[in-house]
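S.K.: If you want the building blocks of each chain, they are given just below.
There are 4 protein chains.
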Amino acid sequence: MSRVELVAPETAPIAPELAVTQWFNSNEDITLESLRGSVVALHAFQMLCPGCVSHGVPQAQKMQDTFGAEVKVIGIHTVFEHHAAMTPISLEAFLHEYHVRFPVGVDTPRKNSPIPQTMANFGMRGTPTLILIDAEGRVRFHAFGRPDDMQVGAAVATLVAEAQGAKVEVDDPTCDADGCRI
Amino acid sequence: MSRVELVAPETAPIAPELAVTQWFNSNEDITLESLRGSVVALHAFQMLCPGCVSHGVPQAQKMQDTFGAEVKVIGIHTVFEHHAAMTPISLEAFLHEYHVRFPVGVDTPRKNSPIPQTMANFGMRGTPTLILIDAEGRVRFHAFGRPDDMQVGAAVATLVAEAQGAKVEVDDPTCDADGCRI
Amino acid sequence: MSRVELVAPETAPIAPELAVTQWFNSNEDITLESLRGSVVALHAFQMLCPGCVSHGVPQAQKMQDTFGAEVKVIGIHTVFEHHAAMTPISLEAFLHEYHVRFPVGVDTPRKNSPIPQTMANFGMRGTPTLILIDAEGRVRFHAFGRPDDMQVGAAVATLVAEAQGAKVEVDDPTCDADGCRI
Amino acid sequence: MSRVELVAPETAPIAPELAVTQWFNSNEDITLESLRGSVVALHAFQMLCPGCVSHGVPQAQKMQDTFGAEVKVIGIHTVFEHHAAMTPISLEAFLHEYHVRFPVGVDTPRKNSPIPQTMANFGMRGTPTLILIDAEGRVRFHAFGRPDDMQVGAAVATLVAEAQGAKVEVDDPTCDADGCRI
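Residue numbers (the numbering used here), protein chains in the order written: chain A, 57 to 238; chain B, 57 to 238; chain C, 57 to 238; chain D, 57 to 238.
It should be emphasised that the hints constitute simulated quantities derived from the structure, not laboratory data.
The model shown is predicted, which means the values in this text are computed figures rather than measured ones.
You may find that some hints are simply not true.
Because identical chains share one entry, a pair is satisfied inside a single copy or across any pair of copies.
[To be verified] Simulated pairs of lysine to any residue, SDA-like, Cα-Cα distance not exceeding 25 Å:
{"hint": "1", "residue 1": "Lys118", "residue 2": "Pro203"}
{"hint": "2", "residue 1": "Lys167", "residue 2": "Gln117"}
{"hint": "3", "residue 1": "Lys118", "residue 2": "His198"}
{"hint": "4", "residue 1": "Lys118", "residue 2": "Tyr154"}
{"hint": "5", "residue 1": "Lys167", "residue 2": "Leu91"}
{"hint": "6", "residue 1": "Lys118", "residue 2": "Glu61"}
{"hint": "7", "residue 1": "Lys167", "residue 2": "Phe80"}
Please model the complete structure; the sequences and the hints are all you need to start from.
M.R.: Now the structure itself:
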């Protein structure tokens with residue numbers, strides 16, 4: 057188990073926008089656009105996926121508890137099988153029973169595929185999937201399965217350190233008579 | 057953690073019959089009446105109860121794997137909350153995803169109470185609940201929560217040993233011209 | 057994982073006597089001879105064997121806590137490697153730090169072999185080893201490695217049930233002018 | 057569980073030097089002085105401390121495996137009780153059996169105290185203790201007990217990011233005729 061590699065900023069793709077029909081644990085719609093400037097941890101799961109229930113969802117909750125305001129943890133319920141069994145009504149009860157406190161969006165179903173829209177846009181291979189997006193909106197980490205807590209902690213902290221470095225520059229831009237450069 | 061006490065045979069109540077609307081993992085209806093002569097482990101759970109998913113259901117599956125034909129492991133889906141979230145359609149997907157191989161019956165809903173019929177008849181306090189029924193149909197053990205594997209193994213084996221002792225007598229009753237004595 | 061098979065009483069060998077140089081957690085020497093009439097769980101371990109520390113020793117302690125007076129749990133420190141590192145002085149500190157409360161005997165070293173005497177007499181393959189001895193002194197179960205708690209609970213309870221059945225016969229033997237039959 | 061706070065660089069004390077009598081897993085003596093420029097994770101443990109064996113030592117090994125050359129993981133065997141039971145001979149067997157691959161130094165015993173020298177110099181409260189030292193040799197984190205893997209991963213990565221930032225400056229110092237400024 058070596059340290060997970062973050063994708064280099066210059067080659068990392070910009071994250072596509074979320075496509076969500078309904079949010080839980082949030083009074084308003086959430087877009088990645090609106091979270092620009094923050095590190096985002098996107099956790100894709102299905103409520104009847106055993107690896108999500110035992111590993112992914114608790115890890116996402118631990119990320120929120122550990123990093124607090126430094127990271128925006130966002131769950132996406134990416135149902136690609138047993139659609140009738142994992143409706144928003146069932147999801148709501150699941151979130152209640154498992155004490156999930158981070159915002160969770162229902163991924164938008166598609167007509168011609170069992171794979172929902174956000175899952176397709178990000179090219180996810182299954183659930184659980186963890187995607188880390190840097191403060192500039194780039195996908196720097198994308199893992200299917202069960203990354204270790206220590207690796208996840210290190211990856212997130214690295215992006216936070218990067219963002220805080222960048223923030224310093226934003227707070228103190230290089231300005232002159234011609235304007236301001238980042 | 058001391059050994060779980062089995063209720064003495066002479067004071068143990070006869071188990072009420074199951075009230076089930078639908079079975080999974082069984083081609084035919086199952087009654088406790090038809091299982092008389094076998095030790096029965098009745099495992100009551102809800103698919104969105106975290107303690108059932110992490111502890112109760114795996115323990116019930118381990119009982120089936122460990123004791124094989126010596127014990128009949130029967131699951132009962134006793135939904136008493138979030139009824140719309142835990143329908144038989146959702147349950148079927150849950151059993152598939154969690155590789156549950158023992159028979160599971162859907163407890164019969166009641167009109168005037170959120171508590172379903174079998175759960176009420178047995179006086180269960182919640183989920184998970186484990187009930188052990190001896191070969192004579194008596195409730196010898198009834199526990200809400202998380203009994204330890206070693207305790208469960210000991211309790212089941214004690215009932216199996218009892219049943220095998222009893223079976224010898226059944227196979228070879230003391231009969232004479234006056235009739236047969238147990 | 058199917059149920060562990062107990063050796064049939066008629067083919068099970070009588071356990072050889074323990075060869076111990078020193079006891080901890082016991083004020084007097086313990087012999088298997090003196091424990092006849094009780095089910096005995098013999099747990100062989102080394103204090104620097106990782107599988108013993110994480111699995112075997114806690115399981116042996118759980119057996120004592122679960123079965124209480126029904127089973128005599130006896131530890132044997134069977135050092136067959138790193139002899140200078142696992143002296144009785146180190147063992148005593150180990151037992152203190154890990155809160156081991158069952159009696160532990162130091163297996164007798166042999167001059168011509170790294171394998172100590174009791175370990176050799178029982179034909180043990182390594183540590184941890186769990187051996188179950190029935191009330192008649194016969195070796196009914198002998199496992200190297202990590203048997204599951206549910207299996208161990210079942211095996212012990214079966215021997216206890218046997219012993220209690222046997223005890224009835226001992227209390228009320230079939231005797232006549234020719235003598236007494238078991 | 058919120059994120060562990062690193063001590064601010066400007067208020068963090070410089071780490072005192074190690075006082076070690078003997079090294080395992082290293083052919084040469086190791087000093088903190090010689091590690092300046094690297095992030096150092098100092099893991100203090102005792103081989104018969106249950107929390108060290110189950111949590112601290114595996115976590116330290118995971119740190120080495122996860123961060124590789126980015127962090128120098130150094131173990132210190134800080135024996136403050138049962139001194140006769142935890143000699144270097146016993147420690148060597150422990151390190152072998154538990155597959156510890158990071159360097160481990162034996163803390164120097166003191167005549168007038170059961171607390172060894174390095175442990176006293178750092179003001180450690182017990183074992184396990186994890187101390188993180190930044191590339192400038194400052195103690196930025198000092199925890200007795202069991203910090204979570206995600207928190208540890210985040211703390212280490214933050215110091216690594218800091219060090220890499222500093223390293224850029226070292227590679228490209230501000231030099232002029234008067235000399236070079238950091």
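S.K.: Each hint needs a verdict: does it hold in this structure or not?
M.R.: Cross-check of the supplied hints:
1. Taking CA atoms no more than 25 Å apart as the test, Lys118 paired with Pro203 passes in both settings, with 13 Å inside one copy and 13 Å between copies.
2. Neither within a single protomer nor between protomers do Lys167 and Gln117 lie at most 25 Å apart by alpha-carbon distance, with minima of 32 Å and 38 Å respectively.
3. In this assembly of identical chains, Lys118 and His198 lie within 25 Å of each other by CA distance both inside one copy and across copies; the values are 18 Å within and 22 Å between.
4. When the C-alpha separation of Lys118 and Tyr154 is checked against a cutoff of 25 Å, the pair qualifies both within a copy, at 13 Å, and between copies, at 24 Å.
5. In this assembly of identical chains, the alpha carbons of Lys167 and Leu91 never lie at most 25 Å apart, being 29 Å within a copy and 47 Å across copies at closest.
6. For the homomeric pair Lys118 and Glu61, the shortest alpha-carbon distances inside one copy (21 Å) and between copies (16 Å) are both at most 25 Å.
7. Only within a single protomer do Lys167 and Phe80 lie at most 25 Å apart by alpha-carbon distance; the minimum there is 23 Å, versus 30 Å between protomers.
Of the numbered hints given earlier, the model fails hints 2 and 5; all others are met.
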